[in-house]
Amino acid sequence: MTEQLDAGLVARRIAESDQVGEPRNPAEGREVGRARRRREDARLITGRTRWTDNIQFPGMLHVAFLRSPMAHARLTRVDVSAALAMPGVVAAFSGRDFDGEQGSLPCAWPVSEDVVIPDHPPMAVDRVRYVGEAVACVVATDRYKAADALEAIEADYEPLEAVLDMTEALADGAPAVHEAGNQAFTWKFSGGDAGAAFRDAPVVIDRTYVQQRLIPTAMEPRAVVAAPEGEGFTLYSATQIPHILRVMLALTTGIPEHLLRVVAPDVGGGFGSKLQVTAEEVLGLLLARRLGRPVKWTESRSEGNLTVHHGRDQIQRISLAAERDGRIRGVRVDLLADMGAYLMLVTPGVPLLGAFMYNGIYKMDAYDFTCTGVFTTKMPTDAYRGAGRPEATFAIERAVDELAAELDLDPVEVRRRNWISREEFPYTTVAGLTYDSGDYEAATERALALLGYDKLRAEQADRRERRDPVQLGIGVSTYTEMCGLAPSRVLGSLSYGAGGWEHATVRLLPTGKVEVVTGTSPHGQGHETSWSQIAADALGVPFEDVSVLHGDTAVSPRGMDTYGSRSLVVGGVAVLAACEKVKEKAKRLAAHLLEAADDDIEFADGVFRVRGTGLGGAGRTVQELALAAFAAHDLPDGFEPRLDADATFDPENFSFPHGTHLCAVEVDTETGTVAIRSYVAVDDVGRVVNPLIVEGQVHGGIAQGIGQALFEEAVYDPEGNLLTTTMADYLIPSAADLPDFVTDRTETPATSNPLGVKGVGEAGTIASTPAVVNAVVDALRPYGVHDVPMPCTPERVWRVLARSGASADRAGAVRRDENDGGAQ
Amino acid sequence: MPRVTVTVDGVAYEEEVEPRLLLVHFLRDRLGRTGTPVGCDTGNCGSCTVMLDGRSAKSCSVLAVQADGSDVVTVEGLASGGELHPMQRAFHEEHALQCGYCTPGMIMAAIDLLRDDPDPSEEAVRQGLKGNLCRCTGYCTIVRAVRRGARAMSGEPPGETAGETAGETAGETAGETAGEPVGEGVAAP
Numbered sequence: 001m002t003e004q005l006d007a008g009l010v011a012r013r014i015a016e017s018d019q020v021g022e023p024r025n026p027a028e029g030r031e032v033g034r035a036r037r038r039r040e041d042a043r044l045i046t047g048r049t050r051w052t053d054n055i056q057f058p059g060m061l062h063v064a065f066l067r068s069p070m071a072h073a074r075l076t077r078v079d080v081s082a083a084l085a086m087p088g089v090v091a092a093f094s095g096r097d098f099d100g101e102q103g104s105l106p107c108a109w110p111v112s113e114d115v116v117i118p119d120h121p122p123m124a125v126d127r128v129r130y131v132g133e134a135v136a137c138v139v140a141t142d143r144y145k146a147a148d149a150l151e152a153i154e155a156d157y158e159p160l161e162a163v164l165d166m167t168e169a170l171a172d173g174a175p176a177v178h179e180a181g182n183q184a185f186t187w188k189f190s191g192g193d194a195g196a197a198f199r200d201a202p203v204v205i206d207r208t209y210v211q212q213r214l215i216p217t218a219m220e221p222r223a224v225v226a227a228p229e230g231e232g233f234t235l236y237s238a239t240q241i242p243h244i245l246r247v248m249l250a251l252t253t254g255i256p257e258h259l260l261r262v263v264a265p266d267v268g269g270g271f272g273s274k275l276q277v278t279a280e281e282v283l284g285l286l287l288a289r290r291l292g293r294p295v296k297w298t299e300s301r302s303e304g305n306l307t308v309h310h311g312r313d314q315i316q317r318i319s320l321a322a323e324r325d326g327r328i329r330g331v332r333v334d335l336l337a338d339m340g341a342y343l344m345l346v347t348p349g350v351p352l353l354g355a356f357m358y359n360g361i362y363k364m365d366a367y368d369f370t371c372t373g374v375f376t377t378k379m380p381t382d383a384y385r386g387a388g389r390p391e392a393t394f395a396i397e398r399a400v401d402e403l404a405a406e407l408d409l410d411p412v413e414v415r416r417r418n419w420i421s422r423e424e425f426p427y428t429t430v431a432g433l434t435y436d437s438g439d440y441e442a443a444t445e446r447a448l449a450l451l452g453y454d455k456l457r458a459e460q461a462d463r464r465e466r467r468d469p470v471q472l473g474i475g476v477s478t479y480t481e482m483c484g485l486a487p488s489r490v491l492g493s494l495s496y497g498a499g500g501w502e503h504a505t506v507r508l509l510p511t512g513k514v515e516v517v518t519g520t521s522p523h524g525q526g527h528e529t530s531w532s533q534i535a536a537d538a539l540g541v542p543f544e545d546v547s548v549l550h551g552d553t554a555v556s557p558r559g560m561d562t563y564g565s566r567s568l569v570v571g572g573v574a575v576l577a578a579c580e581k582v583k584e585k586a587k588r589l590a591a592h593l594l595e596a597a598d599d600d601i602e603f604a605d606g607v608f609r610v611r612g613t614g615l616g617g618a619g620r621t622v623q624e625l626a627l628a629a630f631a632a633h634d635l636p637d638g639f640e641p642r643l644d645a646d647a648t649f650d651p652e653n654f655s656f657p658h659g660t661h662l663c664a665v666e667v668d669t670e671t672g673t674v675a676i677r678s679y680v681a682v683d684d685v686g687r688v689v690n691p692l693i694v695e696g697q698v699h700g701g702i703a704q705g706i707g708q709a710l711f712e713e714a715v716y717d718p719e720g721n722l723l724t725t726t727m728a729d730y731l732i733p734s735a736a737d738l739p740d741f742v743t744d745r746t747e748t749p750a751t752s753n754p755l756g757v758k759g760v761g762e763a764g765t766i767a768s769t770p771a772v773v774n775a776v777v778d779a780l781r782p783y784g785v786h787d788v789p790m791p792c793t794p795e796r797v798w799r800v801l802a803r804s805g806a807s808a809d810r811a812g813a814v815r816r817d818e819n820d821g822g823a824q
Numbered sequence: 001m002p003r004v005t006v007t008v009d010g011v012a013y014e015e016e017v018e019p020r021l022l023l024v025h026f027l028r029d030r031l032g033r034t035g036t037p038v039g040c041d042t043g044n045c046g047s048c049t050v051m052l053d054g055r056s057a058k059s060c061s062v063l064a065v066q067a068d069g070s071d072v073v074t075v076e077g078l079a080s081g082g083e084l085h086p087m088q089r090a091f092h093e094e095h096a097l098q099c100g101y102c103t104p105g106m107i108m109a110a111i112d113l114l115r116d117d118p119d120p121s122e123e124a125v126r127q128g129l130k131g132n133l134c135r136c137t138g139y140c141t142i143v144r145a146v147r148r149g150a151r152a153m154s155g156e157p158p159g160e161t162a163g164e165t166a167g168e169t170a171g172e173t174a175g176e177t178a179g180e181p182v183g184e185g186v187a188a189p
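Quick mapping for you: the protein sequence lines, in order, are chains A and B.
For the first sequence, counting from 1, position 805 maps to 805 in full-length UniProt numbering; every step adds exactly one.
For the second sequence, counting from 1, position 160 maps to 160 in full-length UniProt numbering; every step adds exactly one.
Hints listed in this document are in silico derivations from the structure and should not be mistaken for laboratory results.
Think of the CB as a built atom: it goes at the ideal place given N, C-alpha and C, for glycine as much as any other residue.
Each hint should be verified, as a subset may be incorrect.
Some but not every residue of chain A turned toward chain B, in silico, with C-beta under 7 Å [stated by the list, open to error]:
1. D41
2. T46
3. P58
4. L84
5. A85
6. T217
7. E220
8. G269
9. R301
10. T613
11. H699
12. I702
13. A728
14. I732
15. A736
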């Protein structure tokens, strides 16, 4: 028999193997900057995880949902009685059974005065508006029996016309998704005089790009366990937002907030898709309340593809006015954004997060932005990695490449002529944001060198000359983004329903160990490791002596959770601030014990000493002070017997990471196949707490952006059925689809927070999509191609080439050597 | 109901199961072996990969009754006596996981890959693991980890980590995984 795992021993062995890497700047501390291997890994690599679906309670029941097969219909009858007679079935309900109790799923971002926020019952009552909308549920003793009983529910529908195309949806006489019509809102924003910028402009680039609908596809499907506990309830959910969820569930269900505990156990990725208040969470609670028993719901992947909120889905018209030397005068953007059938938590705000980014890293005099939100009979859209900013960056980076092509300039050179130079920071853009720091020159120079840009351009010229059927394309993407969602005042001015602060508590325990409680809610980002590094440096304690608690509103009662690349730049800084407060208290206690004035105490390496006495002088360690505070035998007057502190950080500005991504692709003009030959990313995310984690975030972000560029698309048929319901149809990249990424960093510290850090979670995704598509288009420019719609699948590339008349061109092309003719 | 006899991570079980019960649900819901997660329902993602009689199998695509008489090893059975399997260690050391949901399946598939190719090239690893999907890492560090694990399993020192910025790996001690015992129940190449 296999020896059973000694968890403690494994954890110790892992800790021993983590003594790697040196801090980047030892003067700043021993831990921050060090490539610490993650303390989270021990449970994840040994299967000792706490996924929500792992949870089992005595008497727990399983929930399954019957979902609408119609995109748009009147729901005329739902009869669950036959299901009740099925084996193992404890209860079955229609939406009407919860009418008056289930409330409406919340939208926390009423973006404009004209915004239409339709009623959104968690289970449909008399109308369905997308395929997959819940119409009934079964509660049974196991998940198989619950699924069986769905077959016995009778539901009648009177079909209505599906509304799938945004332009058609806005036309007169279009079938209405909601009584108020199909327009959810319009939102306008401008800076400078766009009319003047475009009047008599020597060059105008006018393009329309389609941001296809995406399915976020976190590897862990959603799962919910709701359990009655005492007077109240505990909800376990695979969520990114336990704190926001608790508030929203209290408001939606009427369960008093203080009787509701929300736990996010180990969560297997989110990418925005678990930044939501879902029908299944609300109904899980209501079912637990009605039945008085714990209930569990775990979605299947095909159920999830239908009903996890989707991302992107915008039609972008971008116009760019420029001088003949390539200098940009101004940009106009007219956006149609598909909301889907309802406005969910931040649905209407997502395209507006891009509103401030269409000017990119460039200087210009004028900018004009209009966005119209449109209802369709599809799954609602909402935040997906980058949320608005990838779309904006794509449009401007594609348009700048088009400008370069129009003027026959190198795309890097056009960017140089327009970007904010390093001497100009802080710089207030035409969109009104103040970019605090950056060095676009340095990141770009490094990226060009790593790619071997000039050599590849020479090869490209050679292939064009030879009319090689496999053409080389080089794509450039110089991005920045606003992230680190905060500051609260700015979010408020945008009508966002919550603040952007983050909270931390730091406690010194009597034995000198440290508990850090964070309001962030990691689901793969490694906060347990990074926050330990920050606290270890700040308090002068060993990394191993720190533990990080999160993801349970009973343990961490205050927080704004994890999304928008905010955790380190807001939450990590809150940890530092709490440590500083603890140190102030400890210093006061040390002064008392050392019979010195507070101001005479200095702190170094975890020891408080009387100034000037040197390392040999009398002092008190952090650990000694923790014990002294606990014992409380000899404290200064009025000193509470504890060394702990709360801190809330609300920055005054967003964080603006930036970087230059370069992609080289080979496009087979005969088959349309695109192969990424090399990918270089040089990112500037400010000061780095853990280079391993930063590199991982960049890698994963790039992969997701490549997914949008080349592979992924949620496809609805003309009746509004989702065709991409499985991972065989919705293609996220596999290892075989991607190259090894070459990554490097420049480091320009942020000035908006004391750690000097910038967000990193979304940067790769924002940068990579335009880099790849620019490369594909660059490869095909000799064929008269100016755009390839995403995803750039072989079929799409082939069709674009066919339309461009490339077939005639190819007929005269030099064929490849007969030796590899088999590939033709 | 059919009765199945199966050994999971060294423990023998005899259970009555519905014929339709998937092996992964048998492991998770009946035996409480929740280390093996479910990521899809079409056999595409590979999160649920286990060793079935020494070869990798997607346990969402196998019925429990089909595993009758079999020896199943999950990620929970890899470590032995407090020693991680070299592949588990390599995933940790190369930061080859973020959310960790695909990791159990990825590790099992990687170990199986090495049975056929004990020293795989980068390309061989990428092709060999294309039935296991990860949404967090972009696979670079997974590829590094599998090759590192392969070196460790063949008794070689792990050497310098590829692709990391020089200086960040300074101080790394070579040989820390060499000679580590391989978890019982998993055939080493």
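Hint-by-hint comparison with the structure:
1. With its C-beta approaching chain B no nearer than about 4 Å, A:D41 sits inside the 7 Å limit, and its interface hint holds.
2. Below 7 Å, beta-carbon pairs count as interface contacts, and A:T46 has one with chain B at about 6 Å; its hint therefore holds.
3. Hint status for A:P58 relative to chain B: violated, with the closest Cβ pair at about 13 Å, above 7 Å.
4. A distance limit of 7 Å between C-beta atoms decides the matter here; for A:L84 the minimum to chain B is near 21 Å, and the interface restraint is violated.
5. Restraint check, A:A85 versus chain B: the minimum CB separation of about 20 Å is more than 7 Å; hint violated.
6. Look at A:T217: its Cβ gets to within about 6 Å of chain B, closer than 7 Å, so that hint holds up.
7. Proximity of A:E220 to chain B holds as hinted, the smallest CB-CB distance being about 4 Å (cut-off 7 Å).
8. Because the closest C-beta pair between A:G269 and chain B is about 4 Å apart, less than 7 Å, the hint holds.
9. Annotation: A:R301 was flagged as interfacial toward chain B, and the flag holds, the nearest CB pair being 4 Å apart, inside 7 Å.
10. The interface hint given for A:T613 is violated, since its Cβ lies 33 Å from the closest Cβ of chain B, which is over the 7 Å cut-off.
11. Here the hint on A:H699 is kept, as its CB sits about 4 Å from the closest CB of chain B, short of 7 Å.
12. Against a cut-off of 7 Å between C-beta atoms, the interface hint on A:I702 holds, since the closest Cβ of chain B lies about 6 Å away.
13. With 7 Å as the threshold, the beta carbon of A:A728 comes within range of chain B, its nearest partner Cβ sitting at about 5 Å, so the hint holds.
14. The criterion of a C-beta within 7 Å of any C-beta in chain B is met by A:I732, whose closest approach is roughly 6 Å, and the hint holds.
15. For the restraint placing A:A736 at the interface with chain B, the shortest Cβ-Cβ distance is roughly 4 Å, inside the 7 Å limit, so the hint holds.
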